[in-house]
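2 protein chains.
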Amino acid sequence: MTYVSNDPADFAEDALAGFCDLHADTVRQVPGGAVRRARPARPKVAVLPGGGSGHYPAFYGIIGPGFADGAVSGNLFTSPSAQDACSVALAAHSGAGVVFTYGNYAGDVMNFGLATERLRARGIEAENVIVTDDIASARTTAERRGIAGDFTVFKVMGAAAEEGMDLGEVVRVGRKANDVTRTIGTAFAGCTFPGAASPLFTVPDGQMGLGLGIHGEPGLRDVPKPSARALGQDFVARLLAEKPDGAGDRVAVLLNGLGSVKHEELFVLWTDVARLLRESGHTLVLPEVGELVTSLDMAGVSLTVTWLDDELERLWTAPAWTPAFRRGSITAADTGAGTEELAETETAGFAEASAESRRLAESVLSGLRVVRKALHEAEAELGEIDAVAGDGDHGRGMVRGIDAAVAGAETACEAGAGAGDCLAAAGDEWAARAGGTSGVLWGAGLRAAGEVIGAESGTIDAFAAVTAFADRIISLGGAEPGDKTLVDALVPFRERLAAGSWSSAAETAEQAARRTADLVPRKGRARPLAERSVGTPDPGAVSLALIARAIGEFSRGERA
Amino acid sequence: MTYVSNDPADFAEDALAGFCDLHADTVRQVPGGAVRRARPARPKVAVLPGGGSGHYPAFYGIIGPGFADGAVSGNLFTSPSAQDACSVALAAHSGAGVVFTYGNYAGDVMNFGLATERLRARGIEAENVIVTDDIASARTTAERRGIAGDFTVFKVMGAAAEEGMDLGEVVRVGRKANDVTRTIGTAFAGCTFPGAASPLFTVPDGQMGLGLGIHGEPGLRDVPKPSARALGQDFVARLLAEKPDGAGDRVAVLLNGLGSVKHEELFVLWTDVARLLRESGHTLVLPEVGELVTSLDMAGVSLTVTWLDDELERLWTAPAWTPAFRRGSITAADTGAGTEELAETETAGFAEASAESRRLAESVLSGLRVVRKALHEAEAELGEIDAVAGDGDHGRGMVRGIDAAVAGAETACEAGAGAGDCLAAAGDEWAARAGGTSGVLWGAGLRAAGEVIGAESGTIDAFAAVTAFADRIISLGGAEPGDKTLVDALVPFRERLAAGSWSSAAETAEQAARRTADLVPRKGRARPLAERSVGTPDPGAVSLALIARAIGEFSRGERA
Numbered sequence: 001m002t003y004v005s006n007d008p009a010d011f012a013e014d015a016l017a018g019f020c021d022l023h024a025d026t027v028r029q030v031p032g033g034a035v036r037r038a039r040p041a042r043p044k045v046a047v048l049p050g051g052g053s054g055h056y057p058a059f060y061g062i063i064g065p066g067f068a069d070g071a072v073s074g075n076l077f078t079s080p081s082a083q084d085a086c087s088v089a090l091a092a093h094s095g096a097g098v099v100f101t102y103g104n105y106a107g108d109v110m111n112f113g114l115a116t117e118r119l120r121a122r123g124i125e126a127e128n129v130i131v132t133d134d135i136a137s138a139r140t141t142a143e144r145r146g147i148a149g150d151f152t153v154f155k156v157m158g159a160a161a162e163e164g165m166d167l168g169e170v171v172r173v174g175r176k177a178n179d180v181t182r183t184i185g186t187a188f189a190g191c192t193f194p195g196a197a198s199p200l201f202t203v204p205d206g207q208m209g210l211g212l213g214i215h216g217e218p219g220l221r222d223v224p225k226p227s228a229r230a231l232g233q234d235f236v237a238r239l240l241a242e243k244p245d246g247a248g249d250r251v252a253v254l255l256n257g258l259g260s261v262k263h264e265e266l267f268v269l270w271t272d273v274a275r276l277l278r279e280s281g282h283t284l285v286l287p288e289v290g291e292l293v294t295s296l297d298m299a300g301v302s303l304t305v306t307w308l309d310d311e312l313e314r315l316w317t318a319p320a321w322t323p324a325f326r327r328g329s330i331t332a333a334d335t336g337a338g339t340e341e342l343a344e345t346e347t348a349g350f351a352e353a354s355a356e357s358r359r360l361a362e363s364v365l366s367g368l369r370v371v372r373k374a375l376h377e378a379e380a381e382l383g384e385i386d387a388v389a390g391d392g393d394h395g396r397g398m399v400r401g402i403d404a405a406v407a408g409a410e411t412a413c414e415a416g417a418g419a420g421d422c423l424a425a426a427g428d429e430w431a432a433r434a435g436g437t438s439g440v441l442w443g444a445g446l447r448a449a450g451e452v453i454g455a456e457s458g459t460i461d462a463f464a465a466v467t468a469f470a471d472r473i474i475s476l477g478g479a480e481p482g483d484k485t486l487v488d489a490l491v492p493f494r495e496r497l498a499a500g501s502w503s504s505a506a507e508t509a510e511q512a513a514r515r516t517a518d519l520v521p522r523k524g525r526a527r528p529l530a531e532r533s534v535g536t537p538d539p540g541a542v543s544l545a546l547i548a549r550a551i552g553e554f555s556r557g558e559r560a
Numbered sequence: 001m002t003y004v005s006n007d008p009a010d011f012a013e014d015a016l017a018g019f020c021d022l023h024a025d026t027v028r029q030v031p032g033g034a035v036r037r038a039r040p041a042r043p044k045v046a047v048l049p050g051g052g053s054g055h056y057p058a059f060y061g062i063i064g065p066g067f068a069d070g071a072v073s074g075n076l077f078t079s080p081s082a083q084d085a086c087s088v089a090l091a092a093h094s095g096a097g098v099v100f101t102y103g104n105y106a107g108d109v110m111n112f113g114l115a116t117e118r119l120r121a122r123g124i125e126a127e128n129v130i131v132t133d134d135i136a137s138a139r140t141t142a143e144r145r146g147i148a149g150d151f152t153v154f155k156v157m158g159a160a161a162e163e164g165m166d167l168g169e170v171v172r173v174g175r176k177a178n179d180v181t182r183t184i185g186t187a188f189a190g191c192t193f194p195g196a197a198s199p200l201f202t203v204p205d206g207q208m209g210l211g212l213g214i215h216g217e218p219g220l221r222d223v224p225k226p227s228a229r230a231l232g233q234d235f236v237a238r239l240l241a242e243k244p245d246g247a248g249d250r251v252a253v254l255l256n257g258l259g260s261v262k263h264e265e266l267f268v269l270w271t272d273v274a275r276l277l278r279e280s281g282h283t284l285v286l287p288e289v290g291e292l293v294t295s296l297d298m299a300g301v302s303l304t305v306t307w308l309d310d311e312l313e314r315l316w317t318a319p320a321w322t323p324a325f326r327r328g329s330i331t332a333a334d335t336g337a338g339t340e341e342l343a344e345t346e347t348a349g350f351a352e353a354s355a356e357s358r359r360l361a362e363s364v365l366s367g368l369r370v371v372r373k374a375l376h377e378a379e380a381e382l383g384e385i386d387a388v389a390g391d392g393d394h395g396r397g398m399v400r401g402i403d404a405a406v407a408g409a410e411t412a413c414e415a416g417a418g419a420g421d422c423l424a425a426a427g428d429e430w431a432a433r434a435g436g437t438s439g440v441l442w443g444a445g446l447r448a449a450g451e452v453i454g455a456e457s458g459t460i461d462a463f464a465a466v467t468a469f470a471d472r473i474i475s476l477g478g479a480e481p482g483d484k485t486l487v488d489a490l491v492p493f494r495e496r497l498a499a500g501s502w503s504s505a506a507e508t509a510e511q512a513a514r515r516t517a518d519l520v521p522r523k524g525r526a527r528p529l530a531e532r533s534v535g536t537p538d539p540g541a542v543s544l545a546l547i548a549r550a551i552g553e554f555s556r557g558e559r560a
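The listed protein sequences correspond, in order, to chains A and B. Under the UniProt record's numbering, the first residue of the first sequence carries the number 1, and numbering increases by one thereafter. Under the UniProt record's numbering, the first residue of the second sequence carries the number 1, and numbering increases by one thereafter.
This is chain A alone, in the form it adopts within the complex (with noise of 0.2 Å):
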């Protein structure tokens, strides 16, 4: 439950914004998220943690020496767009490059690649530091969730960027630490929404939901709930089977509360934890016990333990000084840091265009208008078709992004852009304000197709600009014909596109779209309700076909 808000809609921000205000001495709000304030004496690799709000102190509680230069900070539980990331590390940067870190999360994993590849392109070097240390989210490291081991993984590259390693040393660190980090978690209730009349996910009363994710994503199983006792030795036996080959004996530990389990909690069940690794011949070094990754009001608890070497306990050890953690004796001073604030965020300009080029941009915005209509018109329709086996947001998220995207592609046309930049600027914005995967991947695909039109073009080839959207949307999804997504109906679509016209290729992905009612998803949080979307068609599908008929509909009247 959440008792204390304004406008639900705006809690996120709300919440960013007075974090900001209470700590204007050190750190400072940038779009997107916050930095710190204070600029470095000289350059250093800024570590720049980030993902969805909701997780206090992840991810801006940690920002302050020794620790995060700044963190990337989306909406609640929603991964922040690419063009947050750049707007963050734009302001973080001092010279010596960026790392990203983050857990792994598909809607992370996107846009801070996506981020990463613009960064580049700038010039700046950027790197991403993954983590997967939820031990019940799969077999494999590769495909683990990131959890509470989030924060050892950053505090070893915080210390290490302190220390002044370069961006591939920093990077090196914080792939070891995430080797070695394993956790292991559980729920004994969901958390709610501010707004929200009912939980985003419930364990059953009497029960624990044993390593269910911190949004809500498939665990083990649903098991009695333990004694405190109980729990620990179950904890600590999972974590003591995943010790890393040729680990030692010295670990940091984590014992973390997810929100309404309390500190009295914690430490009853520290005692357990604490003896049974002791008893298993592990030192303790600096063990913290506390709220360091949460989920809103989630009531949860999960157990970090890092196998340290030498290099990863001097990290570990080394002073920090931040808004939520604070360890040893470090200030501004030690750092080196002037009070010099760092620049303001870069914004992009456009390339000027040819009177052709413009007119033509001129028709993507009109096309774009269009394509708002039909989404407009459809959005509680696809909402209905989301809502079988999703959480419904489908049609409004849609809707968020065409909104954004026309008033992106107005901006640029106002500024005299031409008519790939000003797809590109629609795509950006689309990204920037839909929110979830199927923005990122829109917008993404929009940029490609902006990208491959060109910034003086006076014509568009459709099939080249479609074949950059689909191959965009392919490569960064990773998404295959037949795993009910906007790919089984965009790949038809495409391939009818290449031999035929664009109302014949419109009604292949509208046919295509209806046959993904018969598909069941391959994976994914929608897999618990895999069964329920049978009979029902993909809403990105759906989407995808509704869009091509409208552009055709708007070409045809051009032409006329």
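No lab work stands behind these hints, which were simulated from the structure alone. It is possible that part of the hints are untrue.
Because identical chains cannot be distinguished in the list, a pair is counted as satisfied if it fits within a single copy or across any two copies.
Claimed, not checked - The calculated lysine to aspartate or glutamate pairs, modelled on DMTMM-like cross-linking and capped at a C-alpha distance of 20 Å, are:
(1) 373 x 510
(2) 225 x 7
(3) 373 x 117
(4) 176 x 558
(5) 225 x 309
(6) 243 x 310
(7) 225 x 10
(8) 243 x 143
With chain A fixed as given, assemble chain B onto it according to the hints.
Using the frame of chain A, we list chain B on its own:
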């Protein structure tokens, strides 16, 4: 809801033990609480906050340089005993005296007051600073309860002691801080004890209990839950209306979450609170937003303002380094602390008694066993009487008390104690184990009776002993005849005893106890249920009459 525990009866003790294990490098557990591990290099005033458990980080989370020297920790929401307070004080005392500091609750006032007397009797300087910041709890400052304002007052005193101020000065700044500290709180939902099936108190859905106390004590009234903005406006307006005469415009501010209100919510609320305080001309000096004084999982929030003068600002902003609160740069080395551990708590021995007095002590022990039998038989009945207007634990508390008293008297007899010491020891154990206000009163009353009897006496002057017992209970508890307490049976009992036999006096006590059914309680937590209690006698008065009868029957048996 509490999710993680072993035996719920041991919850508070288990939590303290886990905390002390986690922070074993800086904190040492002692009977009744915890103290700093490092011994001060030179004598300093020991600042000792305390109270019931369930309020972490209050009270043991703030032990460390610049803050508390130790903390006295009772059971959940239950005052620690005077013995607990003495134990912690003896462990923390370094030669410059101790000051207990705590919120204004009857049990705490009695127990810390008793502990202060005992320490002074041992030649240790001891003082008390009582926090009274809750503006919703009474009109006059002296009658108000202490809530989150504890934090500012304790912090100021901790800094003062660290600076080297003497006991009188530390007390002076503590009282000055309390005089300019105001808090308003609200509750959205009650908290639930470990193992309990239902919350300790509730707030109607969609409402909030404005001014509701942190243990569910009556507040101002229930109102519809407002927006964060409206809540901030209401809080700030109420505190500004209470601005102390002559106060300046620099303030320490605490925005405190009680347990289930998350950090993100506090940040949302902070924006308006900060703006309104600034607009009213105040400068916010190192404000704190977080969980500072909690109440298990209570959903609530409070706002505290302390108006600062130069001295208070210096002490508020001084460095501190504790498990739960760290400010500035300070280490054990800065405070001149040595590595030597503090002495273990002293244990009191017994004076060598005459054979005559030792025989009389055996008789006292036998009498206590008879009372034990009577109370065990009456436990259920006493519980039922108490449940009409209270929480139904009176029978349980009396049984715990007499069991402990018998055990204490047995130990004393085995150690060769005389009759007076035996009864005093029984009282100490009763107070230490029974919990609640009645536990303190019975314990202190029995000790007073024992002191009158003396360590060497071979006979007991029953009237003198009962008079000492009654005087102690009346002066300590502050109740008057007609308040519907055990005093309503005790006073007539003593009067009758002055003129007649024990058995006639016991009969008088029984009649008086029955007549308490016509009374309405004057004040205290039972007030909202006052009407319900009419027609039911006071359980404390009934207990007293029952014990008087049991002792009378035992005495007749002894004489026969």
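Now for the hints, and whether the structure bears them out:
1. For the homomeric pair residue 373 and residue 510, the shortest alpha-carbon distance inside one copy (18 Å) is at most 20 Å, but the shortest distance between copies (86 Å) is not.
2. When the C-alpha separation of residue 225 and residue 7 is checked against a cutoff of 20 Å, the pair qualifies only between copies, where the shortest distance is 14 Å, while the shortest distance within a copy is 36 Å.
3. With identical chains, the CA atoms of residue 373 and residue 117 are never at most 20 Å apart, being 33 Å at best within one copy and 81 Å at best between copies.
4. Neither within a single protomer nor between protomers do residue 176 and residue 558 lie at most 20 Å apart by alpha-carbon distance, with minima of 57 Å and 79 Å respectively.
5. For a Cα distance limit of 20 Å, the shortest separation of residue 225 from residue 309 qualifies neither inside one copy, at 35 Å, nor across copies, at 52 Å.
6. Taking identical chains as interchangeable, the C-alpha atoms of residue 243 and residue 310 lie at most 20 Å apart only when both belong to the same chain, with a minimum of 17 Å there against 55 Å between chains.
7. Taking CA atoms no more than 20 Å apart as the test, residue 225 paired with residue 10 passes between copies only; the shortest distance there is 18 Å, against 35 Å inside one copy.
8. Only within a single protomer do residue 243 and residue 143 lie at most 20 Å apart by alpha-carbon distance; the minimum there is 18 Å, versus 58 Å between protomers.
In this structure, the hints that do not hold are numbers 3, 4, 5, in rising order.
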